[in-house]
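Residue numbers (our numbering), protein chains in the order written: chain A, 1373 to 1587; chain B, 420 to 622.
Hints listed in this document are in silico derivations from the structure and should not be mistaken for laboratory results. Keep in mind that a hint or two might mislead.
Here's a subset of chain B near chain A, in silico, CB distances under 10 Å, partners left out [claimed, not checked]: (1) Asp460; (2) Tyr575; (3) Thr578; (4) Trp586; (5) Arg591; (6) Ser606; (7) Gln609; (8) Ala610; (9) Ile612.
Pairs of lysine to aspartate or glutamate, EDC-like flavour, derived with a Cα cap of 20 Å [stated by the list, open to error]: (10) B/Lys462 to A/Asp1467; (11) B/Lys517 to B/Asp602; (12) B/Lys479 to B/Asp460; (13) A/Lys1456 to A/Asp1526; (14) A/Lys1468 to B/Asp576; (15) A/Lys1456 to A/Glu1525.
Quantities reported herein were computed from a predicted structural model and do not represent experimental measurements. Glycine included, every Cβ here is placed at the ideal spot set by N, Cα and C.
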Amino acid sequence: MKKLIIIVIMAVTLPCILQAQEKASLGYTPHSYYTFSWNTAFPLGDFHNWVSQPSPAGFDIGGRYLLMKGVTVGFNISWQRVSKIYDAQTYTIPDKGIAITAENYRFTWMVPFQVVIGYHFIPDKLVSPYVSLGIGGDYMEHHLLIQEYDIYEDRWDFSLTPEVGALVKFGNYSNWGALVAFNYKWTTNQIEFYNNNTKDLQMLNLRIGFTYIVR
Amino acid sequence: MKTKLFSIFLVLGLVVTLSCTKYPPASDRLLEDLAVITQYDTKANFSSYKTYSIASTIKKITDKDTTDMSGATVTAVLNEIAANMNARGYTQVVPPAKADLGLTVVYFQNTYVYTYYYNWWGYYYPYYPYYPYYPVYYSSYTAGMAVIEMQDLKNYDQTNERLATRWTAFIRGLLTGTHTTSDITASIDQAFIQTPQIVTTVK
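Between the sequences and the hints, there should be enough to build the whole structure, so can you do that?
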């Protein structure tokens, strides 16, 4: 009977002891981390009407600082471009009686800059999922190229970017890791070219990159 | 080592990103693309005109001289304009019979012209529709351009000797050797398609 009690106690407590040792020995909670990622943008809504194809031409640089219990604050600065060639589209300026039909090349390039607050659910683990919200603005240039003419406008905006993603350390104690994230971006930016009037430009972004983690 | 890896990754990212931004330069686009630009007089009542005449030749204006063009392409261009006017209900007349509207075609080549799409509307110095001229609104341009103009002969201002232009079509990118006659006639059709206001109700 005495042996049985000892075995039961060991059976219950041993896993906890081992788990405690594992927690103490594997992984670490970062002090901060920096990211560099390639972005692929998927225009949505009115923005999709302007340029209707995704673009992998973009990158993002960011930094995060863990405040307490997985809460982070940081920044993102990006560069992104979306573009497409359209065949024989007609633009009109009705009040002037003007119509233009031509192959045209449309592109928008943007420089988003945001303050980001986030939350890592298990910051010390090898795989650390998180959610975040970016708040900031963009500088955008919208270009319409017809033959040798480059008609463009530039605008500043306010933007919001909720994001889900994960950091994946290359090892339990590695300072390097991978980043995978997906976000939805809403902006107050707009495009006003002839009869192409769009507003509240939106897009989805897929970010894949590297991260450097500071202990 | 890790810093180098990060730097290499950063540079590669920039290279890939910038490589995605390539687009043919303006000179190439001019060779490949035809642009059809039209402007009509928003105050004109096109249904008030019934007849038209069209110049029998096309003038080609270059930096050096002005010559008359001839050949199958010229015939095709003039016929296509006439076909579109007929389809809109207008009747072609031949001088010396008087027409309500006069149409001319001029080709420009090897010059640099700046075209003004805005605020250029107005009256011309008097001219008869068979007589080509240099419009004052273009100063220069690189590739070829055909200009079709529709003059109001019906309301000729004899006192001030002025004719009003009711419609102008620019077909830009021509005369580069890369376009066929069918490309040009298709562009003429497009010029009329994008100006549905040109129509008369009385034949």
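Structure-based check of all given hints:
1. Asp460: 7 Å, holds
2. Tyr575: 21 Å, violated
3. Thr578: Constraint on B/Thr578 not satisfied, violated at 26 Å.
4. Trp586: At about 8 Å, which falls below the 10 Å cut-off, the nearest Cβ of chain A leaves the hint on B/Trp586 intact, so it holds.
5. Arg591: Holds. Min distance 6 Å.
6. Ser606: 8 Å, holds
7. Gln609: 5 Å, holds
8. Ala610: This interface hint holds because 8 Å falls under the 10 Å limit.
9. Ile612: Nearest chain A Cβ about 8 Å off; hint holds.
10. B/Lys462 to A/Asp1467: Cα-Cα ~10 Å, so holds.
11. B/Lys517 to B/Asp602: 32 Å, violated
12. B/Lys479 to B/Asp460: 26 Å, violated
13. A/Lys1456 to A/Asp1526: 18 Å, holds
14. A/Lys1468 to B/Asp576: 23 Å, violated
15. A/Lys1456 to A/Glu1525: With a Cα-Cα distance of about 17 Å, the restraint between A/Lys1456 and A/Glu1525 holds, given a limit of 20 Å.
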